[in-house]
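Student: Residues per chain are reported as follows:
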Amino acid sequence: MRALAALFAILALSLPSATGAGGNFTVFAAASLTDVFPKIDSSPRYSFAGSDQLALQIRQGAPADVYAAASPRHPQLLYHDGLVSKPITFATNKLIVIVPRSNPAGIDSVYDLRRSGVKVVIGDRGVPIGLYTRQLLDALGITDGVMRNVVSQETDVKGIVSKVALGEADAGFVYITDAKPVASRVRRIQLPDWAQPSIRYQIAIVSSTPRKVGARAFIRKVTSKRGRTLLRRAGFGVPKKR
Amino acid sequence: MFVAASAAIAFTFLLLPLAAIFLRVPVLDLIEQLGNDVARDALLVSLKTSAIAHAAVLLVGTPTAYLLARRRFRGRSLVVTLTEIPLVLPPAVAGIGLLAAFGRFGLLGDELNALGIQIGFTQLAVILAVAFVESPFYLRGAIAAFEAVDDNLIFAARTLGAGPWRVFLRVAVPLAAGGLGAASALALARGLGEFGATIIFAGSLQGVTQTLPLAIYAELDTDFDVALAISALFVVVGAAILIGLKAFTWARFDSTSPSRLAPSTSR
Chain A
627 MRALAALFAI
637 LALSLPSATG
647 AGGNFTVFAA
657 ASLTDVFPKI
667 DSSPRYSFAG
677 SDQLALQIRQ
687 GAPADVYAAA
697 SPRHPQLLYH
707 DGLVSKPITF
717 ATNKLIVIVP
727 RSNPAGIDSV
737 YDLRRSGVKV
747 VIGDRGVPIG
757 LYTRQLLDAL
767 GITDGVMRNV
777 VSQETDVKGI
787 VSKVALGEAD
797 AGFVYITDAK
807 PVASRVRRIQ
817 LPDWAQPSIR
827 YQIAIVSSTP
837 RKVGARAFIR
847 KVTSKRGRTL
857 LRRAGFGVPK
867 KR
Chain B
921 MFVAASAAIA
931 FTFLLLPLAA
941 IFLRVPVLDL
951 IEQLGNDVAR
961 DALLVSLKTS
971 AIAHAAVLLV
981 GTPTAYLLAR
991 RRFRGRSLVV
1001 TLTEIPLVLP
1011 PAVAGIGLLA
1021 AFGRFGLLGD
1031 ELNALGIQIG
1041 FTQLAVILAV
1051 AFVESPFYLR
1061 GAIAAFEAVD
1071 DNLIFAARTL
1081 GAGPWRVFLR
1091 VAVPLAAGGL
1101 GAASALALAR
1111 GLGEFGATII
1121 FAGSLQGVTQ
1131 TLPLAIYAEL
1141 DTDFDVALAI
1151 SALFVVVGAA
1161 ILIGLKAFTW
1171 ARFDSTSPSR
1181 LAPSTSR
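Protein chains in written order, with the working numbering: chain A, 627 to 868; chain B, 921 to 1187.
Mixed in with the good hints there might be a few duds.
Just some of the chain A residues that point at chain B, by a computed CB distance under 7 Å [as the list claims (entries may be wrong)]:
#1 Gly752
#2 Val753
#3 Leu757
#4 Thr781
#5 Ala791
No lab work stands behind these hints, which were simulated from the structure alone. Beta carbons: idealized from backbone N, C-alpha and C, even for Gly.
For reference, chain A alone in the conformation it holds in the complex (with noise of 0.2 Å):
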């Protein structure tokens, strides 16, 4: 037994991103923030994962200086056990319906998803897409009609982006800054504004951080106005200026 805890002492100091402490500033951050956050600022090490996975691991006391997540949820979660600071709102995101480019199944509107034998994709009730989902389901008034179609409930958006990207789906609800990426393979149908839910994504600084002052500076990048910018090209929204 001590010779394995010796092991792992030696493996825990040859491997720099195994420790903490003397590490890489490092930034724990939605999936959906993949490809706009290294823009915003590409110095700090990012973890892109599910806010619910990167919660977890935040708790089980992950080396993380910020958290960003996908919804208020976690992070306010956080928040009340003294595991982050007070969460800010600093974008926000809608959901779209994405079919296949050919749109094998014929669908105009959300409400064509009804129909019986459409294949539709949505996320797992345990991740904020999910949830997001059923909730934007309820406000139209078809969850019966929709979840009778489901064929697949994925742990992440990418999961959902992917199998309609490769046309074995016929629809899923994604963010809208999703289905940019796969524009060339997908078509895109809107959702009425007023069914939309409120999406906000929040970001705090851990507590156990010794590197405040680097998280604080780069929580101004991503609320700066050059961050605003660079978030809404992406397709996201942006809070109002406080």
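Add chain B to chain A, keeping to what the hints say.
Tutor: Relative to chain A, chain B alone:
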């Protein structure tokens, strides 16, 4: 001394994560999780798809391995190597490959559509993914097992008038049974744990395509305790299958290995 220390490190390293799961899940909770819808559905989907995929692999793989082990022909080693390629592929590549071949817009998409067969998002997709990733494990072990069968026994059976099919069934398979059983157990375990190819090719829907590994991944986002409990369930099911198969193989056939729980695949 060094050897003993290495063995101790290897043993501890392999078992510590498994023990840690059980230290965090009391046995009673584990039993209670069997009543959890997600866990029960995932267990049923996993057992059903694995059983069908494994039966298909044994049925097709055993004669194939026999042929590759006994026949000498040009390009034999190339063929053997090709069947082993899935071993070195990341499962994600397997999933993309299966989509490219059997997907709606894949290579065989038009033919399958014409027959009214759509594989994506069905249990058939899970079965194909499992069979694809586990079959090389079985083939490798089975080829080695058949190669280890004494040629003289095969020739003797042939001179005594047994046809090739009879020789295969009554002589070669029983003689290679120890190695075949070990290869079968390893392949089955690999199939049960299959994740990447399944989530890409079959998607994830509770009660249809969501296998145990997929359920663990989905529950990580919802409830860490449930994910932990399903993981523990997985360890129990996996261990039971492995031990059961090995015990069966050992009880029914003589193994050439001195270790009863690890029958060798070759002499």
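Student: Hint by hint, note whether the structure agrees.
Tutor: For each hint, the structure was consulted:
1. Among the interface hints, the one on glycine 752 (chain A) holds; its C-beta lies about 3 Å from the nearest C-beta in chain B, closer than the 7 Å criterion.
2. Below 7 Å, beta-carbon pairs count as interface contacts, and valine 753 (chain A) has one with chain B at about 5 Å; its hint therefore holds.
3. A least Cβ separation of about 10 Å between leucine 757 (chain A) and chain B goes past the 7 Å threshold, and the interface hint is therefore violated.
4. Contact between threonine 781 (chain A) and chain B, as hinted, is supported at the beta carbon level, the nearest pair being about 5 Å apart and thus within 7 Å.
5. Restraint check, alanine 791 (chain A) versus chain B: the minimum CB separation of about 11 Å is more than 7 Å; hint violated.
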